[in-house]
Amino acid sequence: MQKGKRRKISLYPIWFVLPALTIFGIFFLYPIVTSFYYSMTVWNFDSAIFCGLENYRMFFSENELSSAVVHTLIYAFSTSMLKVIIAFFIAVFLCSRIRTKDFIRSAVFFPNLVSMMAVGLTFSYLMHPTKGLFNAVLTGLGFAPVDFLGDVRLALGSIIATDVWKGLSVSVVIYIAGIQSIDRNYYEAAEIDGASRGQCLRHITLPLVAPSQNTIIILSLIGGLRSFDLIWAMTSGGPGFATDVMASVIYKQYAYGFYGLSTAGNVIMLLLISVIAFPLQHILRRREEAIV
Amino acid sequence: MKGERRRLLLGDIIGCIVTVIVFVVPFYYMFVNSIKTAKEANRMTIHWPAEPHFENYLEVFRKQNYQLVTAFRNSFTLTVFTVAGLLVVAAMAGYVIQRRNDRLMRGIQWVIMLGLMIPASILPTIHMLQQMRIYKTMFSMVMIEIAMQIPFSIMLFRGYMASIPTELEEAARIDGCSGWGIFLYVINPLLKPIRATVIILTAVTTFNDFTNPLYFLPGAKNTTVQLTLYNYKGQFSSSYNLLFADIMLITFPMLLLFLIFNRRIVDGMVAGSVKG
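Here the protein sequences line up with chains A and B, keeping their order. Heads up: the first sequence begins at 70 in the working numbering, then just goes up one per residue. Heads up: the second sequence begins at 432 in the working numbering, then just goes up one per residue.
In short, the hints are calculated from the structure, not lab data. Wrong hints could be hidden among the right ones.
[To be verified] Under the rule of at most 27 Å between Cα atoms (straight-line distance), these lysine-lysine pairs were calculated in the BS3-like manner:
1) B:Lys664 - B:Lys494
2) B:Lys494 - B:Lys652
3) A:Lys170 - A:Lys235
4) B:Lys652 - A:Lys200
5) B:Lys470 - A:Lys200
6) B:Lys664 - A:Lys235
7) B:Lys567 - B:Lys470
8) A:Lys235 - A:Lys200
9) B:Lys652 - B:Lys567
[Said to hold, decoys possible] Chain A is nowhere near these chain B residues, computed Cβ spacing over 10 Å in every case:
10) Phe492
11) Tyr497
12) Thr501
13) Lys664
For clarity, every value in this text was computed on a predicted model and none was experimentally measured. We put the beta carbon where it would ideally sit given N, CA and C, even for glycine.
The following block holds chain B by itself, in its conformation from the complex (with noise of 0.2 Å):
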């Protein structure tokens, strides 16, 4: 038993340390270049900086006319719209998919599982986006982000809909409840828990997108936040410590929406992605 603890507290012991240095220290290294000057930034150094510039963040938002503020307008948008879509549209086909499970729902079923393996076609959709006269339009930058995450979200709604009883339903049914009444109050309700782990893992995938908006959504005012970093790769690569105060700033939502649903993440994916 003392052997047990002892071995457990060497565990503990190296495992922090292991952490700590592989994956602490980049995120520290990140923040600690985040508020220096473009001189001390560009040593590259951890070193803590002689001044701690936190005004870096302020001149971010203010560099090519409040760009970074048109960019978060821009990528809080194609994100609340996608999940809100997603959510309804997803949720809708995966319980009639799962309580179904005919020949017809199973060939559909199919189709739309191919979405998670084979890959997009980029210039045929801008293609056909410019001949719908919708290119360079939030509404089919959201339009494709559905369509790009519908496969896995009706994955996971579908996996979890299997573990929802049938009992609910026919009794609803008795009692004289329609089908679309069925789905909005008796299993609307119980979707909560794979709603949340819905929610961030569409919504982290749509606001850190980089691939679909450059090719989808061009132009100054159309950028989204992930757009704004590739610009330091060019115009501004000397300023490093301006690149890293932007970095910090486009990850902090994604991490307030990790703190709010942390625990529903692992329970989603045992939902969805296991058993499904």
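Just chain A, with the same shape it has in the complex (with noise of 0.2 Å):
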């Protein structure tokens, strides 16, 4: 046992995660725990007065500001729930027998490799009141334009279409890793007993997915909950502050100057994502080991 031990550690020297722990202790952690404090002053960088939890009671007094938590969980849950369900059609698609599948996954994909703040601005010239490419599709079939991004009830709608359209290759990428993986055996077996195509998507493909879903649901609600690019692209906030989430917000009061509030916004973004994200995992867990 002592031996055993002994080899191990001389094989696998625990100094190589020093370099990558330092890095991240330093460039990560070190200023999330600071933030805490820094949260509960009026601040401008050469200074810090404490000043309690007033910058919070400010953040949710005012509209302006608190409007913004509701935006950012509107946005997540429904570009997250969007990429779920629209990406696991694509990618049982693409691992059917269709022969174009290569250049389909391909033009799926491709919206990765262009930035957010490319694709913002592309959609936002698409979806011009005016002129626009949509709008000029809407009025040649009869229908009257809409201003996709200036109509507060629409513009938070558009940008989440948006970011679908952006985000879906991701989602159909982890899908069809899920989906090669699973035994062939078991789709010939409920053939032979006389299963149609809907019931072997219904009661074996969805279950066994249920892995990479998970990791779907993860990755994408946690990164609409942090979205700032495409949003500052296609709106900066606006109209008013309709389209404002957390991360928007963060950016205004530092431009404004307020440091405090700014990182206070900051908190509470990762108090929102920590209290959604957390017990999530926790459940999908428990329903990925319930199938198994």
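Mind assembling these two chains? They're in different frames, but the hints should get you there.
Printed below as a string of structure tokens:
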């Protein structure tokens, strides 16, 4: 036992984790720890005057700021849900014996290579209220033009749709990996028992891609909760503050010079993600174990 | 059998039509508008221009005293050093974390995986960089990009490491190889497939990053390619043709990377995020 242990130690030196841990500790963890203090101050980098929970009180009493929490939740949950559902069908389609799947897969993957900024700017031109291509199509079909990004009720939805378009590929790739790892024998057995395609999909594919599905839910939900560039490119939080999310509020308060308030927003975002992501991951893992 | 074939053909046709409309048209739109005159592009149509103006691509470089050249240089520097750094530190950490798998390593692993979830604290980071006197330097930007992407890279390396048998290491050990030597000469060559995945994923993330350079690398001489796009939103809001030319130029390096590593992406995803 003792001998085995010593061998293990010299084979796999602990210091191998030090470079990664040092960089991660200094440039990621340390600022997070100090952020709890600075979020309770009036701060301008030179001096930090302690003010207790004043910044948090302000955040939740100003409608302009607190509505960002609601927008963030709507944004994260709807993008995540849409990606989980749409990507599943695309992945199933691409795993069938379709001949053009290489072309379709590449085309679906392509938006992933383009930056959020580029996608956001392009779609804001496609969605232009009078000249945009989407409205040209709508008016061509006899509908009234829509102000996709200027209408308070539509703006967030338009950005959500763009986000799904851009982020679909990652979910599709993860689903494909999951579907391809399913044992073919299940399908053959089901076919012999006379199961229809729909039944195979419902009772074999769907339950057995649960691990991939959980990865997608977690990744896209956390991505959605943190999201900034796309919104900033398309509306900068407007019209008014109809599409302001946590990350854009943090940037705006920084630009206005309210560093303490901005940091409080950062801490609220951290807590929001923790409160959602940790329990969710636990529930999803339980679901995964229940199936297997 | 005949019905089956017909159904597949129908699937092919519908699949291609939907794909072209949903995914190809926006890219065609970007391209077509990048070779129009400013006046034509301002009409925002998808028509082929009266005369293609490929010189837009030179014009976009000349804009603002060759700012795009500076931006490309900065973005390439940032991406190369970030990816190189990640390949070294994440491979080392992923290797030892997976192989030792004792309480200490599981603790370290848990702390690092926090980074996959919780967001970075921006202003405290800027403040810290100022105190260290490295704010607005390429060094600090590289360190921040590495720190942000360490969790995902370690996850990929660790997941892949689980598929490499330990017998090789033990044989090398008997032959008198040191811990460092085993990693360098035995394990390292076996990591080639997962390295390709990490390269493409981290390179695309870093090169396309807008938010972090916006906060941590401000200033005209520090600009990165994504920030040059942002200029078109405000300052040059009437030159859509140049905006789209800029988008095409910026996307090109990533397209090249994708063509080189295409097949590896799915493999790596399987190894890393599903089984890990």
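Verification of the supplied hints:
{"no.": "1", "hint": "B:Lys664 - B:Lys494", "in the structure": "15 Å, holds"}
{"no.": "2", "hint": "B:Lys494 - B:Lys652", "in the structure": "14 Å, holds"}
{"no.": "3", "hint": "A:Lys170 - A:Lys235", "in the structure": "19 Å, holds"}
{"no.": "4", "hint": "B:Lys652 - A:Lys200", "in the structure": "36 Å, violated"}
{"no.": "5", "hint": "B:Lys470 - A:Lys200", "in the structure": "13 Å, holds"}
{"no.": "6", "hint": "B:Lys664 - A:Lys235", "in the structure": "20 Å, holds"}
{"no.": "7", "hint": "B:Lys567 - B:Lys470", "in the structure": "38 Å, violated"}
{"no.": "8", "hint": "A:Lys235 - A:Lys200", "in the structure": "23 Å, holds"}
{"no.": "9", "hint": "B:Lys652 - B:Lys567", "in the structure": "10 Å, holds"}
{"no.": "10", "hint": "Phe492", "in the structure": "17 Å, holds"}
{"no.": "11", "hint": "Tyr497", "in the structure": "20 Å, holds"}
{"no.": "12", "hint": "Thr501", "in the structure": "17 Å, holds"}
{"no.": "13", "hint": "Lys664", "in the structure": "7 Å, violated"}
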